[in-house]
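Residue numbers (my numbering), protein chains in the order written: chain A, 1 to 850; chain B, 1 to 98.
These are calculated hints, taken from the structure and not from any lab test. A few of these clues could be false.
What the hints assert, rightly or not - Residues of chain A clear of chain B, computed beta-carbon distances all greater than 10 Å: (1) Asp-3; (2) Gln-148; (3) Gly-239; (4) Pro-241; (5) Leu-281; (6) Arg-375; (7) Val-497; (8) Arg-499; (9) Lys-508; (10) Thr-568; (11) Ser-746; (12) Lys-819.
As the list claims (entries may be wrong) - Per label pair, the in silico range of CB-to-CB distance: (13) B:Gly-44 to A:Leu-63: 49 to 57 Å; (14) B:Glu-21 to A:Asn-370: 49 to 57 Å; (15) A:Arg-41 to B:Gly-46: 55 to 63 Å; (16) B:Gly-46 to A:Arg-503: 39 to 47 Å; (17) A:Gly-357 to B:Gly-44: 31 to 39 Å; (18) A:Arg-503 to B:Ser-83: 23 to 31 Å; (19) B:Gly-46 to A:Gly-357: 37 to 45 Å; (20) B:Thr-40 to A:Leu-63: 54 to 62 Å; (21) A:Asn-530 to B:Thr-8: 55 to 63 Å; (22) A:Gly-47 to B:Glu-21: 24 to 32 Å.
Every value quoted in this text rests on a predicted model; they were computed, and no experiment measured them. Quick reminder that beta carbons are idealized off the backbone N, C-alpha and C, glycines included.
Listed below, chain by chain, are the residues.
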Amino acid sequence: MLDRKRVVITGLGVLTSIGATTEEFRNSLLSKRCGIRPSSRFSDVFGNVCASEVLEEPKYEGLAEGLQEKLDKAALWAYKVGRDALVNSGLLGNEALSTSSLIIGVSSAGTEAYMPLLENRINDFSIDKTRLSGSFSSVCSVVSSLLQIRGGYELVATACTASTNAIGIGFDQIQNNKNQMALVIGTEPLYLPTIAGFYTLKTLHQQACTPFSGVPGMSIGEGAGALVLEEYQHATARGAPIYGEVLAYATSGDAHHETAPDPRAKGAAQVMRTALANGELCPEDVEYINVHGTGTETNDRSETLAMKKVFADIHSIPVSSTKSYIGHNIGSAGIIEFIACLLTLPEGKILPTLNFGRARPSCDLNYVPNEFQERNVKVFMKNNYAFGGNNCCILAALPGNGRPNSRYHPRRVAITGIGLVSSLGFGLEQILGAIRKGTSGSALKTWRPSHKGEEGIQDFEDWISSNEMLLQQFSDLRKKNGDQLSLRTHEVDDRAVRRHLKRFDTRKANRISTFALLAGEQAIANAGANIRTTGKTTALIIGMSKGPQATISRYVESLVPDPRRARTFEFPSSLMNAIGTFCSISKGIKGYNTTLANGFNAALGAMCYGYELVRQGVQGQALVGGADEIFHSALHALQENHGGLSPNLDEDGFRVYDRDQSGYFMGEGAGMAYMEELESAGDRGGPILGIICGYGKSCDGSYIDDTNSQPSGQWLAKAISQALDEAGLTVDDIDLVCGTGWGTVSSNRKELNGIERAFMHRSHPVPLVNYNGFFGFVESAAPILNLALVLNAMKEDEILPIPHTRSFETKNLAFVSRKERLSVRHALLVGSTEGGNNYAVVLGKGAPYE
Amino acid sequence: MESDLESTIEQRKDVLRRVKEGLIVRLNLYQIVNQIDDDTPLFGSGLKLDSVDATELLVMLDEEFGIQVSESEDPFYLRSVNSLASFIISRQTKTNKN
């Protein structure tokens with residue numbers, strides 16, 4: 001058994017309607033100030049609507065001139081609170097940040113850059129902003145670059161539990177010996193799509209919300225918060241301030257409904273029990289619970305029920321909701337509420353639930369109505385729940401709590417199942433068959449840029465011609481392809497996918513979700529696992545790039561011309577966590593449930609997190625992967641154009657690592673891997689396809705500075721050596737490297753330079769493959785598609801060549817250009833996101849294993 | 001009299017069609033209009049709608065038929081496609097009389 005590392009909190013940063021500094025926020029809380037009032041930004045649209053808004057633009061210290069205009073508020077706020085927390089902790093500019101990780105929780109990201117189009121403020125539209133703040137994970141790229149945090153980042157997108165879950169992932173990042181510190185941030189500026197969704201769902205309270213009492217309803221809010229998590233010894237050695245300690249956490253999936261909580265509150269109870277078990281605590285140890293407490297009838301009822309189920313003596317435990325001060329801050333709710341606890345509990349006071357009137361019939365606990373209750377709390381619990389049934393619970397303590405470390409027995413982790421959905425077919429067998437036959441899964445699509453029919457969004461042609469930069473962007477593509485925009489894409493027939501699926505709600509399944517579900521079902525079947533018996537201890541971790549694009553578009557269109565008529569159907573399913581929770585609901589997967597929307601190659605982040613959960617023994621199994629759908633629209637064509645599609649539209653026009661050609665074809669589909677504890681997989685006779693021996697993460701931190709046209713790959717090389725360290729291997733032990741780059745000049749150079757650098761001291765050039773050419777670039781799922789072919793090569797001792805590429809870049813690497821017989825004991829899977837995050841995973845050969 | 005009856009029937013057919021089309025578009029039903037029986041229950045075993053979908057139904061009533069429903073309304077009208085159509089027609093008639 002190993003002791004878990006003690007993880008303490010050594011820095012705080014916050015931005016809310018009732019305080020832009022921790023000092024101000026603490027004073028407001030202690031004087032019971034409520035920041036919810038008639039909305040100044042949204043009242044003209046929604047009539048009398050209340051919100052907790054940050055109306056004064058905070059100061060962004062240390063930000064280069066001219067940068068503020070190019071960044072969205074999500075990134076700016078994250079930067080502000082992140083920097084404040086580092087200053088508070090005495091770490092700003094510290095060298096140690098190059099090995100610290102960054103975890104950001106947010107629900108609605110990459111939104112602001114496109115709002116001018118939606119709100120018909122075309123002149124406010126800025127290409128620079130879409131470039132720097134236009135993708136879901138750009139907030140991570142921006143903040144890691146500005147604060148020089150290079151230990152790798154993750155963007156947690158589990159809606160209302162995003163920042164709570166982010167604290168948990170930060171905790172794990174310190175457990176695995178890779179980071180001494182993690183900066184955890186929640187950021188959520190309020191934009192029209194979010195408030196419109198809650199408005200049409202009729203969940204908004206007419207005034208400030210009154211959790212557990214009076215008229216049901218929630219208040220929406222916005223804000224940001226940040227925590228520096230630090231390994232205890234490291235913190236005390238440098239004399240850091242200590243605000244508290246994270247003891248344990250857990251997440252779970254209700255597997256019930258896309259918006260409503262399970263009325264039996266099973267998932268909400270399970271998450272508390274798992275967190276207690278992880279921290280080796282009993283319910284009696286918990287002296288205070290800071291609840292989710294949105295104020296809606298369903299939340300307050302089922303949350304009360306959940307606490308009754310877990311705590312025999314719940315009436316003696318004060319529970320209160322911070323949302324009565326600042327409303328529901330969605331993606332940043334959890335971390336801000338957690339900070340509220342850390343700021344007020346040391347005063348010996350428990351924060352009351354404000355606006356408390358007459359308790360509702362189903363609500364009969366001690367909600368600390370209106371007045372502070374005096375109590376010295378050492379150990380407290382923080383809960384949050386989200387759409388789709390994402391639940392998260394954190395157990396924390398104040399300094400000097402004297403609790404022993406919790407322990408765990410580190411497990412080895414095997415991959416026992418793979419599921420694939422691609423343009424070449426479903427499952428490894430079909431795909432290998434298609435590859436052998438030389439079938440191409442791609443097709444030429446002509447797409448007329450004139451995008452009529454999107455009412456309210458200006459005609460595409462007009463839109464382009466009104467903006468010189470856009471005009472130039474598109475004229476390049478047009479010149480090549482005449483009047484029409486021609487694209488070669490790898491698409492998946494979703495009707496065929498639906499035919500393969502067994503039980504699912506056809507009504508609620510969008511394309512991307514059916515891809516993920518089919519890949520997940522295959523991976524489970526491939527592993528020979530029975531999810532009915534293991535569902536409660538199976539994690540589901542999904543990496544996302546652009547997510548449910550078609551649904552997002554449909555939802556956004558419904559906001560025009562009248563946002564009060566937003567489509568309630570698409571609101572929850574347009575969120576990033578909708579795919580993971582849809583799979584959880586369809587299959588009854590109730591373990592840890594997280595969506596990591598890190599962009600390109602996001603499935604690698606999901607793999608690392610799933611691995612960590614199984615390695616620490618908090619979950620028996622993990623289903624990890626990614627899914628993508630192609631959506632042809634003006635905005636996305638613009639995004640793709642940034643990214644660099646291949647100008648060569650021949651079938652073999654996507655040539656990764658080609659010296660003479662840059663660019664990729666878009667692909668869609670899904671890839672899922674089923675991981676479990678090696679020993680128990682062996683015991684049940686499950687197929688051991690491969691073993692995960694270690695992983696590494698890093699981030700370039702050069703996102704803002706795009707003069708860096710010759711990426712050195714030094715940080716990717718760092719991730720590789722970190723992975724080798726954990727695996728206890730050297731570069732000579734690695735028989736095959738698989739890259740997942742997407743074939744643009746910058747992606748090629750970065751990946752190849754990084755691999756070359758890491759393998760500099762290897763006796764012979766290392767064999768290198770990359771199979772994205774077979775599938776088109778399936779943004780988030782690419783690593784799993786590649787993984788499947790690598791594991792197959794390890795099994796068959798035969799390596800398939802890199803498809804299509806003719807003349808490889810000159811590198812000291814052995815590009816596999818024809819089929820090769822080679823015995824591979826250890827392989828390395830590497831990949832980067834478009835924002836500069838890097839991953840490396842060492843894979844060991846599967847059964848028979850030693 | 002006969003033409004009255006005919007126009008009532010036509011009106012009902014028209015409302016039923018519009019209700020089904022609205023349901024299909026707004027709630028992502030996988031059926032086409034002809035595949036939805038007039039007596040299909042909206043919830044439970046029928047179209048399997050849930051309480052969140054009910055909110056969208058209210059939006060549909062407002063947008064498509066100009067009918068605002070108050071919270072106190074007996075929810076019986078939400079039983080089936082037919083009962084929803086009857087409700088719409090009775091409301092429309094009432095409005096016309098006023």
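Evaluation of the provided hints:
1. With a cut of 10 Å on Cβ distances, A:Asp-3 stays outside the contact zone with chain B, its closest approach being about 46 Å.
2. Its beta-carbon lying about 44 Å from the closest one in chain B, A:Gln-148 satisfies the requirement of being farther than 10 Å from that chain.
3. Residue-level check passed: A:Gly-239 sits 52 Å from the nearest beta carbon of chain B, beyond 10 Å.
4. With a minimum CB-CB distance of about 45 Å to chain B, A:Pro-241 clears the 10 Å threshold, and the non-interface call stands.
5. With a least beta-carbon separation of about 36 Å from chain B, A:Leu-281 lies farther than 10 Å from that chain, consistent with its non-interface assignment.
6. Non-interface call for A:Arg-375 relative to chain B: holds, since the shortest CB-CB distance, roughly 38 Å, exceeds 10 Å.
7. Residue-level check passed: A:Val-497 sits 14 Å from the nearest beta carbon of chain B, beyond 10 Å.
8. Non-interface call for A:Arg-499 relative to chain B: holds, since the shortest CB-CB distance, roughly 13 Å, exceeds 10 Å.
9. Look at A:Lys-508: its CB is around 7 Å from the nearest CB on chain B, not clear of 10 Å, so calling it non-interface is violated.
10. For A:Thr-568, the requirement that its beta carbon stay farther than 10 Å from each beta carbon of chain B is not met, with the minimum near 5 Å.
11. Against the 10 Å criterion, A:Ser-746 stays outside the reach of chain B, whose nearest CB is about 39 Å from its own CB.
12. Look at A:Lys-819: its CB is around 44 Å from the nearest CB on chain B, clear of 10 Å, so calling it non-interface holds up.
13. Range check, B:Gly-44 to A:Leu-63: Cβ separation about 56 Å, and the 49 to 57 Å hint holds.
14. At about 51 Å, the CB distance of B:Glu-21 to A:Asn-370 agrees with the hint of 49 to 57 Å.
15. A:Arg-41 and B:Gly-46 have their C-beta atoms about 41 Å apart, which leaves the hinted 55 to 63 Å range violated.
16. Distance hint check for B:Gly-46 and A:Arg-503: the Cβ-Cβ separation is about 18 Å, which falls outside the suggested range of 39 to 47 Å.
17. At roughly 35 Å, the beta carbons of A:Gly-357 and B:Gly-44 sit within the given window of 31 to 39 Å.
18. In this structure the hint that A:Arg-503 and B:Ser-83 lie 23 to 31 Å apart at CB holds, the actual value being about 29 Å.
19. For B:Gly-46 and A:Gly-357, the hinted distance range of 37 to 45 Å is satisfied, since their beta carbons lie about 39 Å from each other.
20. Remark: the range hint 54 to 62 Å for B:Thr-40 to A:Leu-63 is upheld by a beta-carbon distance near 58 Å.
21. A hinted range of 55 to 63 Å for the beta carbons of A:Asn-530 and B:Thr-8 is consistent with their spacing of about 57 Å.
22. Judged by the Cβ atoms, the range 24 to 32 Å given for A:Gly-47 and B:Glu-21 holds: they are separated by roughly 30 Å.
The structure fails hints 9, 10, 15, 16 (numbered hints given earlier, in ascending order).
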